[in-house]
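Enquirer: Next come the chains, spelled out residue by residue.
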Amino acid sequence: MRSWNEQFAQTWLTPGEARAQMDAWVRTRLRGHRVHAAPSLESVAAWSVDLLADDIQRFGNGCQWLWCTTAVGLAAELIFGSIAGGTFPKDTPFRYDLKRVVDALREIRNATVHPAFQNAAAGQGVPPVERLYDILDQDDDAAVKELALRLTEDWSLLADRPLSTFALRQLDAAGRLLAEEYSIW
Amino acid sequence: MVTARVLRSPHEMDGQLSGFWVGPGDDLRVRPTYGPTGAILPRPGAPVLGEFLCLDLVTVDEFWCPLSEAGQYTYAHSSGLLRGQPWRFFRWPLQATSTSPLTTPPEKYVVTLAPPLPPDAVAGAYGQRAGELCRPDRKAVQLRVLRLPPLAP
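Residue numbers (our numbering), protein chains in the order written: chain A, 1 to 185; chain B, 1001 to 1153.
These are calculated hints, taken from the structure and not from any lab test. Mixed in with the good hints there might be a few duds.
[Claimed, not checked] Simulated pairs of lysine to aspartate or glutamate, DMTMM-like, Cα-Cα distance not exceeding 25 Å:
{"no.": "1", "chain 1": "B", "residue 1": "K1139", "chain 2": "B", "residue 2": "D1014"}
{"no.": "2", "chain 1": "B", "residue 1": "K1139", "chain 2": "A", "residue 2": "E180"}
{"no.": "3", "chain 1": "A", "residue 1": "K99", "chain 2": "B", "residue 2": "D1137"}
{"no.": "4", "chain 1": "A", "residue 1": "K99", "chain 2": "B", "residue 2": "E1069"}
{"no.": "5", "chain 1": "B", "residue 1": "K1139", "chain 2": "A", "residue 2": "D50"}
{"no.": "6", "chain 1": "B", "residue 1": "K1139", "chain 2": "B", "residue 2": "D1026"}
{"no.": "7", "chain 1": "B", "residue 1": "K1108", "chain 2": "B", "residue 2": "D1137"}
{"no.": "8", "chain 1": "B", "residue 1": "K1108", "chain 2": "A", "residue 2": "E181"}
{"no.": "9", "chain 1": "B", "residue 1": "K1139", "chain 2": "B", "residue 2": "E1051"}
{"no.": "10", "chain 1": "A", "residue 1": "K99", "chain 2": "B", "residue 2": "D1061"}
{"no.": "11", "chain 1": "A", "residue 1": "K99", "chain 2": "B", "residue 2": "D1120"}
{"no.": "12", "chain 1": "B", "residue 1": "K1139", "chain 2": "B", "residue 2": "D1027"}
{"no.": "13", "chain 1": "A", "residue 1": "K99", "chain 2": "B", "residue 2": "E1012"}
{"no.": "14", "chain 1": "B", "residue 1": "K1139", "chain 2": "A", "residue 2": "D141"}
{"no.": "15", "chain 1": "A", "residue 1": "K90", "chain 2": "B", "residue 2": "D1120"}
{"no.": "16", "chain 1": "B", "residue 1": "K1108", "chain 2": "B", "residue 2": "E1051"}
{"no.": "17", "chain 1": "A", "residue 1": "K99", "chain 2": "B", "residue 2": "E1132"}
{"no.": "18", "chain 1": "A", "residue 1": "K99", "chain 2": "A", "residue 2": "D134"}
{"no.": "19", "chain 1": "A", "residue 1": "K90", "chain 2": "A", "residue 2": "E17"}
{"no.": "20", "chain 1": "A", "residue 1": "K90", "chain 2": "B", "residue 2": "D1061"}
{"no.": "21", "chain 1": "A", "residue 1": "K99", "chain 2": "A", "residue 2": "D141"}
{"no.": "22", "chain 1": "B", "residue 1": "K1108", "chain 2": "A", "residue 2": "D141"}
{"no.": "23", "chain 1": "A", "residue 1": "K99", "chain 2": "B", "residue 2": "E1051"}
{"no.": "24", "chain 1": "A", "residue 1": "K90", "chain 2": "A", "residue 2": "E180"}
{"no.": "25", "chain 1": "A", "residue 1": "K90", "chain 2": "A", "residue 2": "E130"}
{"no.": "26", "chain 1": "A", "residue 1": "K99", "chain 2": "A", "residue 2": "D50"}
{"no.": "27", "chain 1": "B", "residue 1": "K1139", "chain 2": "A", "residue 2": "D103"}
So here's chain A without its partners, still in its complex pose:
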């Protein structure tokens, strides 16, 4: 199995021009949505692509997979929420491949940041972990495919590395497709 650093280094999240441009694009979008003031790009939000990318790398290198996956979900919400200046959009304007990866990232984000959601009657619709089964089952990575099967009975497996690996790959694909859609780089 490749090290987390090796996996991370192959994505646009690794320090460099692409990541810097995504960070600036998100900050600019956020500032544009601010109603009452026009803050500087540096002060517009506490979370940033730069910060979360560093966290994804650090948590992964420390084998803190649940935090690592959560950081991927937050990064996805920051990036895709910045388009309209709200929360993670439920109905994205995207189609085909970009819609697919954004939908996957939304479910990953929901599954990690709604830790008590077990009961459809108590929450809003189907618990996100249940929606993840089919998404993970459609992947081509054997470890992710196995996770999909085992996750149906053991929701604590959200804390394992295969979900972090899958989440990072989806964020990499989503960022590249978004960059193409909006000419970010």
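Take the given structure of chain A and dock chain B to it, following the hints.
Expert: Positioned in the frame of chain A, the structure of chain B alone reads:
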């Protein structure tokens, strides 16, 4: 009683070969208990011996569909192939699975990227269904596949 949820099996395309992607440094000695992780679609009527061209199929909702260039970074095997990694595709023929599902050796294929195919050329090369299911605005990923000879017993 806890009942494991049965995950859906996507609808296959006529002629597709379903199997399992095997990444660099990995191996599969027995057929996995989970469903296929990938599929390739040879040109209709073309022999699946030696080296041949295929479409790369992925599951989208309930169907196996041609992978487009836009989706290449979404999957482990296609992003790996883009980065020059050696990926293989293993397949257990149906007749083998019904008799000795776990111990029959798989057919093994070495896979590399071939030139992508414009969407309006997909139906002519790979059949009408493939043309219907491919993205209309992006090229489809084509693979060059080399079937490895079986090892002597």
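Enquirer: Against the 25 Å threshold, does the CA-CA distance of K90(A) and D1061(B) hold or violate the hint?
Expert: Satisfied, since the Cα-Cα distance of roughly 18 Å is no more than 25 Å.
Enquirer: Would you mind confirming whether the straight-line C-alpha gap from K99(A) to D134(A) stays at or under 25 Å?
Expert: Distance of about 15 Å is within 25 Å: holds.
Enquirer: Is K1139(B) close enough to D1026(B), meaning Cα to Cα at most 25 Å?
Expert: Distance ~29 Å between K1139(B) and D1026(B) Cα, so the pair is violated.
Enquirer: Holds or violated: K1139(B) and E1051(B), Cα atoms, limit 25 Å.
Expert: Since the Cα atoms of K1139(B) and E1051(B) sit roughly 22 Å apart, the hinted pair holds (cutoff 25 Å).
Enquirer: Are the Cα positions of K1139(B) and D1014(B) separated by 25 Å at most?
Expert: Holds. K1139(B) to D1014(B) sits at ~21 Å (cutoff 25 Å).
Enquirer: What's the verdict on K1139(B) and E180(A), does the C-alpha distance respect the 25 Å limit or exceed it?
Expert: Roughly 15 Å separates the two Cα atoms, so the pair holds.
Enquirer: Assess, step by step, whether the Cα of K1108(B) is no farther than 25 Å from the Cα of D141(A), and give holds or violated.
Expert: holds (17 Å)
Enquirer: Could you grab the alpha-carbon distance between K90(A) and E17(A) and see if it respects the 25 Å cut-off?
Expert: violated (30 Å)
Enquirer: Does D50(A) sit within 25 Å of K1139(B), going by the straight-line distance between their CA atoms?
Expert: violated (32 Å)
Enquirer: CA of K1108(B) to CA of E1051(B), is that 25 Å or under?
Expert: Between K1108(B) and E1051(B) the Cα gap is close to 12 Å, so the pair holds against 25 Å.
Enquirer: Next pair to validate is K1108(B) with D1137(B); report whether the Cα-Cα distance is within 25 Å.
Expert: Judged against 25 Å, a Cα distance of about 32 Å means the pair is violated.
Enquirer: Are K99(A) and D1061(B) close enough, with their CA atoms no more than 25 Å apart?
Expert: holds (12 Å)
Of the hints listed earlier, those the structure fails to meet are numbers 5, 6, 7, 8, 12, 15, 19 and 23, in rising order.
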